[in-house]
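Undergrad: Taken in order, these protein sequences are the chains called A, B, C, D, E, F and G. If you count the first sequence from 1, you need to add 1380 to reach this note's numbering. If you count the second sequence from 1, you need to add 1380 to reach this note's numbering. If you count the third sequence from 1, you need to add 1380 to reach this note's numbering. If you count the fourth sequence from 1, you need to add 1380 to reach this note's numbering. If you count the fifth sequence from 1, you need to add 1380 to reach this note's numbering. If you count the sixth sequence from 1, you need to add 1380 to reach this note's numbering. If you count the seventh sequence from 1, you need to add 1380 to reach this note's numbering.
Misleading hints may appear alongside valid ones.
To give an idea of the interface, some chain F residues facing chain G are shown, with a C-beta separation under 7 angstroms as derived from the structure [to be verified]:
#, residue
1, 1427
2, 1454
3, 1471
Below, in silico cross-link-like pairs of lysine-lysine (DSS-like), each with a Cα-Cα straight-line distance of 30 angstroms or less [to be verified]:
#, chain 1, residue 1, chain 2, residue 2
4, C, 1430, E, 1457
5, E, 1427, G, 1427
6, F, 1453, G, 1427
7, A, 1453, C, 1415
8, F, 1427, B, 1437
Some chain E residues close to chain G (C-beta under 7 angstroms, calculated; not the full set) [said to hold, decoys possible]:
#, residue
9, 1385
10, 1386
11, 1388
12, 1427
13, 1428
14, 1429
15, 1432
16, 1457
17, 1463
Simulated from the structure, these hints should not be mistaken for lab results. Quick reminder that beta carbons are idealized off the backbone N, C-alpha and C, glycines included.
Chain residues, written in single-letter form:
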Amino acid sequence: MAKRLLPTLNRILIEKIVPPSKTNAGILLPEKSSKAMVAVGPGARDKDGKTIPVCFKEGDTVLLPDYGGTQVKLGEKEYHLYRDEDILGTLHD
Amino acid sequence: MAKRLLPTLNRILIEKIVPPSKTNAGILLPEKSSKAMVAVGPGARDKDGKTIPVCFKEGDTVLLPDYGGTQVKLGEKEYHLYRDEDILGTLHD
Amino acid sequence: MAKRLLPTLNRILIEKIVPPSKTNAGILLPEKSSKAMVAVGPGARDKDGKTIPVCFKEGDTVLLPDYGGTQVKLGEKEYHLYRDEDILGTLHD
Amino acid sequence: MAKRLLPTLNRILIEKIVPPSKTNAGILLPEKSSKAMVAVGPGARDKDGKTIPVCFKEGDTVLLPDYGGTQVKLGEKEYHLYRDEDILGTLHD
Amino acid sequence: MAKRLLPTLNRILIEKIVPPSKTNAGILLPEKSSKAMVAVGPGARDKDGKTIPVCFKEGDTVLLPDYGGTQVKLGEKEYHLYRDEDILGTLHD
Amino acid sequence: MAKRLLPTLNRILIEKIVPPSKTNAGILLPEKSSKAMVAVGPGARDKDGKTIPVCFKEGDTVLLPDYGGTQVKLGEKEYHLYRDEDILGTLHD
Amino acid sequence: MAKRLLPTLNRILIEKIVPPSKTNAGILLPEKSSKAMVAVGPGARDKDGKTIPVCFKEGDTVLLPDYGGTQVKLGEKEYHLYRDEDILGTLHD
């Protein structure tokens, strides 16, 4: 059974979501996967030990860098951990 | 359909614009492309976690370094992400 | 006889626990080991020499990075020391 | 047509000027070019995000290091960008 | 004649002690040596020049990293100097 | 004609002086050259942008490191630029 | 004639002293040389430009690291310059 992970500091747990997508002819094609945040750490600490809140929230869809991140397996599912500062931006419709 | 990207921290989304240009003989030649800012992050954080505002605004035309930046594809269009401190200057007529 | 180790600064003493696990047929299989914290240092010091408390407590089950940590032998048992900032997150049911 | 560049942060736009020079016999020889500042950025930011003013002003003649700087072409003319901290000194008659 | 060394800053003078140890059959075997602190520096300085006291005291038994430290000979005896931040923890019965 | 150089930040302009020197037999031998400060910058900036005054003054005779420094030619004369922190000490009779 | 050197910042001028030493049979053997401080700089500067006093005084006998230091010749005598933070400790009888 998958355990729930609470990331430390400014780490963010990311799950890749492959949404269904359709061609004009009605054939389903895998669209380039978007990423959703599953869990967000409390934030890094500044030089005085105070926590700097992470500027993301659970459920945000984000653009990730091509490299980096740590692969994590919880139960059967696969996730990735990123530092908040490495996330390129948030995606909106 | 292209999603809208809100860059994080001091990242800036740049779009290359190739304006039409004319020779004396009236032939259109591609001028060296200028760059326009499409979206600007809120700014990096200082050592206390406070945000340092980015010194650019959407629509600014900028001079970019020869190297660096991260290529980003949103829908059919291609963009580049730069840190504000890596942008060399703003261009004015 | 094993001595008790009190870690310094933000070091954390980790013990790997291999819990018993059963297949459907009732055969015991070693599950991927979880990690429990045995002892937690007082915390790193900030730039003014003040202690930044460690954000873990004894008994927490944690997710560790694939690399890093220092192997430590106390009496017959084997432990690992990690810095608190290198621990990826805490695991909850 | 050359655009005007406003440098960012502590960047400084330098133009090399080759002044006319005469030998005793009246023959013009190229003197080692002096450098004039064309445009000066507002200044780098300190650790709190405040701007540290650049200690040069437009029109200053400066001594440049042998290496470094970024070549920039604006219209037909060629310039160089330097950080203010890399400029060795100002020249006076 | 051995001189007494007062370590500077956060340096700590360590002496390796090989205590006698017995097997069940009563044969003495060398146990893995424990380390005792002989002299402790006043502490490193923070960024304002204030001293950050060392979190050890003379006589503490400590766990050392496998690598690092500076070998020092005072008279006939051999010691090692470590920085306080490199010491893994204190050992207690 | 030599221009006057005002060094920036904590740079210091040094001129090597080869004073005349005599053997017991009255033969002049070149003594190892001493160095005199010709011009002193205002000082480096601290992290808040404030200037930290240079702890030398024009005319000081100094001991230089064997390596480092930037060679500078002003008119016919040759000088060297050093950072104040790289100068080993001042020499006094 | 040897000039007097006043070291800058936290540099310390060290002179190696080889004291006479006797075997039981009365033969003089060179003892491992001790080091005495000849001159002490005013101290390094902290991040605000304030001087952090050196924690040694002229005449202290010190333990030096095996590597590092800058050899300096003043007149006929040979000295070494060290940063105060590189000195391992002070020696006392």
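Undergrad: Evaluate each hint against the coordinates.
TA: Results of checking the hints against the structure:
no.	hint	result
1	1427	5 angstroms, holds
2	1454	25 angstroms, violated
3	1471	4 angstroms, holds
4	C:1430 / E:1457	36 angstroms, violated
5	E:1427 / G:1427	7 angstroms, holds
6	F:1453 / G:1427	33 angstroms, violated
7	A:1453 / C:1415	15 angstroms, holds
8	F:1427 / B:1437	27 angstroms, holds
9	1385	5 angstroms, holds
10	1386	5 angstroms, holds
11	1388	5 angstroms, holds
12	1427	5 angstroms, holds
13	1428	6 angstroms, holds
14	1429	4 angstroms, holds
15	1432	13 angstroms, violated
16	1457	14 angstroms, violated
17	1463	11 angstroms, violated
Hints 2, 4, 6, 15, 16, 17 from the list above are not met by this structure, while the remaining hints are.
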